[in-house]
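*Asks:* Chains Y, D and P are the protein sequences, given in the same order. Residue numbering for the first sequence follows this note's numbering, starting at 1 and increasing by one per position. Residue numbering for the second sequence follows this note's numbering, starting at 387 and increasing by one per position. Residue numbering for the third sequence follows this note's numbering, starting at 630 and increasing by one per position.
Everything labelled a hint here was simulated from the structure, so no lab data went into it. Some clues are possibly wrong.
Below, simulated EDC-like cross-link-like pairs (lysine to aspartate or glutamate); rule was C-alpha separation at most 20 Å, straight line [said to hold, decoys possible]: (1) K233(Y) - E362(Y); (2) K156(Y) - E282(Y); (3) K795(P) - E958(P); (4) K253(Y) - D133(Y); (5) K1153(P) - D1143(P); (6) K742(P) - E803(P); (7) K814(P) - E401(D); (8) K156(Y) - D62(Y); (9) K626(D) - D698(P); (10) K626(D) - E913(P); (11) K701(P) - E745(P); (12) K626(D) - E958(P); (13) K156(Y) - D132(Y); (14) K224(Y) - D131(Y); (15) K921(P) - D511(D).
Predicted model, so just to flag it, every value in this text is computed and none were measured.
One letter stands for each residue in the lines below.
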Amino acid sequence: MNGFPSDFDRGARNISGCGLTGFVHLDGSFSDGRAILESIALLHDRANGLGAGFAAYGIYPDFADFYALHIMYYTHQRPECRQQAETALAQQAHIEHQEPIPTRPTAGISDAPELWRYFVRPLQLSGAQGDDDRVISMVMDINHRVDGAYVFSSGKNMGAFKAVGHAEDVGRFYRIEDYQAYMWVAHGRFPTNTPGWWAGAHPFTMLDWAVVHNGEISSYGINKRYLEMFGYKCTMRTDTEVMAYLLDLLLRKHGLPLRLAAAAMAPRFWDAIDRLAPGERELQTAIRQIYGSAHVNGPFAIIASNSRGMFGLNDRIKLRPMVAARGNNTLYIASEEAAIRAICAHPDAIWAPRAGEPVVGEVGQAQESENGTTERAGERRTQAVA
Amino acid sequence: MQIDAQGMHYRALNERVREAVARGESAIEIVNVNGQRYIADGLCARTAIDIRGLPGNDLCAFMDGPRVVVHGNAQDGIGNTMNSGSVVVHGDAGDVLGYGMRGGRLLVRGNVGYRVGIHMKAYGDHVPALVAGGCAGDFLGEYMAGGTLVVLGLNGGGPPVGAWCGTGMHGGEIFVRGALEEHLVAHRHVALQPASEDDLARVRPLIEEFCAEFGLDSNAITQEKFWRLTPRSSRPFGSKYAA
Amino acid sequence: MAQLREREKEEPRLWPENTEVAPRAVFPRLHAPPEFLWTHDQERCRRCKRCIMQCGWQALSWHDRVVADSSKCAGCHRCEVFCPEQCITIIPNPQFYKPHDLWSLNHRHNVWKQAESGGVLLSGMGNDLPYVNVFDHLLLDACQVTNPSIDPLREPMEVRTYLGRKPDRIRVAETPDGQVVLDTKVEPNVRIETPIVFAAMSYGSISLTAQQSLAMAAAELGILWNTGEGGLHESLKPYAHRAVVQCASGRFGVHADYLRAGAIVEIKIGQGAKPGIGGHLPGEKVSQEVAKTRMIPAGTDALSPAPQHDIYSIEDLRQLIYALKEATEYTKPVSVKIAAVHNVAAIASGIARAGADVIYLDGFRGGTGAAPTVVRDHMGIPVEIALAVVDERLRQEGIRHLVSLVCAGGIRSSADVAKAIALGADAVAVGTAPLLALGCSLCQKCYTGRCSWGIATQDPELTRRIDPRVGSQRIANLISAWTAELEEILGALGMNCIESLRGNRERLRGLGLDRQTLEILGVKPVGEGA
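With the rest of the complex left out, here is chain Y (with noise of 0.2 Å):
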């Protein structure tokens, strides 16, 4: 078994419950990825050791204003995908530096893609697209035609690392302990499609989005067309892969602020929504209305990350768990308060967000903002006990 993913079914999709923990320095300070592992591996249980990653931010200053591309080849499989994929690359971008994935042979990740890394700047060719557009249609080009190659990780200043295996042993693989960064996220798996790819685990990133997620989406046949509509292609047959899109139409294509955008994928509900104040009223109206397939339907806690700070969300029943704690100038979030107590024993406040609104945290906002907006005493439920 291989685990290459047209060797299975007819392009059937992942279903997966799993783990995730992550957090950001609100002062932007840095850590190195021991406490990621720490906390992640709390987390065990969750997970079946058939996928992890993590997600890291802020660990290539030296390149900071290049894009850092993470492509994983299944040479084995394809022998010419990196030829391919780097020539599609070098006609596309201007390549500043690229270099293989530092890795360690690790017991219990085997059957490795090669992994390499590249920094890039898009080239300047017709058209009025900005980089970020470049970069995506690269991105999805490079999946989508070049079979056996995967760009898994295509930020400024930040990669996703991902594999098979249990999240201990995937972040002892990628040497996670030798980065430094503002914010962490990290996220075990437990697969039941193409269990031995390493491109279904997760963190899934568009640009400096990456997404974590547990649950499953129900719409996502829906999410998926609807997405195709805007140009993206869903290529990594898992359905997190919609979330990652869909936070990059939404916040970055439509501009809609984050709680807006949470809203268009965890709406409330009609009775809710008849109770609110006029204007409120139109908006989630319009928003529903509007953007009603990108309703991600089904049980769901993910952890959205991009360069400026990270954000919870639950679905809108909080059919999964999630549990947030602010301490040591950090906001935590995990599916499970082990795994912030792992790592940061007595916080200054833990909470349990409520379904459909976002826990957000944002570098250099002294205090995260709970549920969007700026945090208002006596609405935070906080517990912090020995």
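Given chain Y, put chains D and P in place with the hints provided.
*Replies:* Same frame as chain Y, but now just chains D and P:
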């Protein structure tokens, strides 16, 4: 006796606990707990277990007898299908507490999460009771078939219960202290009334028990207005099907 | 009608403003033709009135002769079987409606009924629509010339099966005195003497006497019966060691002793007859004894919500599996029962990795005491397909050894059993068949609780019609007969043990199935040789 759970996998920890119970230990203290699951599952003895640290999911599932005290927060799935005994949590607790609980007590000082008290049921002299000192999330008491659920809203952290409170309820009763917005209650299945003097008298011992555990003043608490939720019918889906 | 026309002259508008005229007075009860016509030969009738007493629906009464209200006849044939003169004939109602290929009479009936009641239509037992049955398009091989068949009467034929998780290899060790012993710890497995077990039918959906018959038969045959979601009745404790005890969403009757008493603990996620939806035992079927066994108050509805509200993702299932394993100290296999749906292969893979030791696949032909007809008839997939894709997926992932596969949903004969095993099952479960052995005629009116045969009812007048000693004998007869036939089949295939047939799709051929279905089944078309 004491068990140090530092770095211990849940399977090893629970085996140690079971061995101790089988040996006849009447009191066990487990320290340095963080995230270990399934503690006290299926235990049938009248043992007292003190947990210092954070127990993992599914604490006291299928439990029948022990008294378990958590000196801090707890996670999801406490008291699943619990038959008797008591679980006391001095902090907050998570989602899906007391699922299918048939007897005993689950007392949480702080807030509880979503889908708490689903399908709690009473049977014979088993009458389960679940009390939350703080607030509860959506779907409280869903499918409740018996027993008593009490939410006290003591921590002032917003509305005491969430939406769809009591949906599918067909037995038992839920008491909510403080302000309760009507639209949060599943009216199709639930009758909402202010709690009467008799109702309060009936639930007072439970509240006093709760207060005794956590050193609170039961008089101050029972001064506030209480609401009582009961099922409209023991056959909530009776008219759904054609003859 | 004359009255109606009179009124129309006075008041052209009769409703809704005119509240004095109740709608029913104007609208007669619409078409409600009985399904059956009860007839008997008057001359031969002995006037013993046995038929009147036997009818659970009180369709018959005495007015100097037997008089039938055919609208109450369920077509269960209890009266006909008990008539000493055999003079009763139950025929389809000859009332004739203009045929319509799209709007069958059945569809029309349903619409009339729903206009009347505004309710969900219910049915009992399994899907009866003419979907393609895959078993009927599979043929078994036989040995000839190049490979000898085996005569089961003369030679040993082994059908013993073990259900549970198995390691993928064994390790041995040597003792100091040179003996080789097993070093691998094999997880708990349950032995059954033939690869057939009884499907889950709860006490509440069926009578205690029917369940006792199943339990006694299982004990005698050395196989398993299943408590369903109704708990374990006191009287059945002696048979608990042969029981699969179910932990379903209502958690009825689930407590630590119950879990420890059974041979296997089963988490019920779904059921073939009603995938994705829950169950509902109406209060009138919750008698004192049913309530006691389920540990709920008598007369209340027993609601089994869907989904299990503590399982919203695969890791939640794993959590419940291990909570049960902890509570039973890892001494017995944990089974997970699921309905066969489109992505059953992925689900099964997840379940195997979540720690289950047995996966029970229930296909869309599976039976039930009550399900909404639309769900029973239009949701789910055939178990033959589910079995094929699950077995294949688990093998591809190298995890087939983690679980035993039990499949159910329309197993009608030993031929179906053999074909299921050839497709990959470790065992099959049967529900409808043993009920037929108790007298059931598949009238599908289980949801009324008036079963004349005493099976799907709690009325003591009816349930006492089953003597469990006799009932269990009849059921045991059936399973013994099928086992003997299975042995004949194995012999004809040149095998003397069931392991050689298990997953051996090479011994099946498809007749009249399209290429894609054959590919999915992993079966060659007839005509293709080795």
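*Asks:* Decide, hint by hint, whether the structure agrees.
*Replies:* Here is what the structure says about each hint:
no., hint, result
1, K233(Y) - E362(Y), "violated, 29 Å"
2, K156(Y) - E282(Y), "violated, 37 Å"
3, K795(P) - E958(P), "holds, 18 Å"
4, K253(Y) - D133(Y), "holds, 10 Å"
5, K1153(P) - D1143(P), "holds, 11 Å"
6, K742(P) - E803(P), "violated, 73 Å"
7, K814(P) - E401(D), "holds, 17 Å"
8, K156(Y) - D62(Y), "holds, 11 Å"
9, K626(D) - D698(P), "violated, 27 Å"
10, K626(D) - E913(P), "holds, 15 Å"
11, K701(P) - E745(P), "holds, 17 Å"
12, K626(D) - E958(P), "violated, 42 Å"
13, K156(Y) - D132(Y), "holds, 10 Å"
14, K224(Y) - D131(Y), "violated, 24 Å"
15, K921(P) - D511(D), "holds, 12 Å"
Hint violations for this structure: numbers 1, 2, 6, 9, 12, 14, all remaining hints satisfied.
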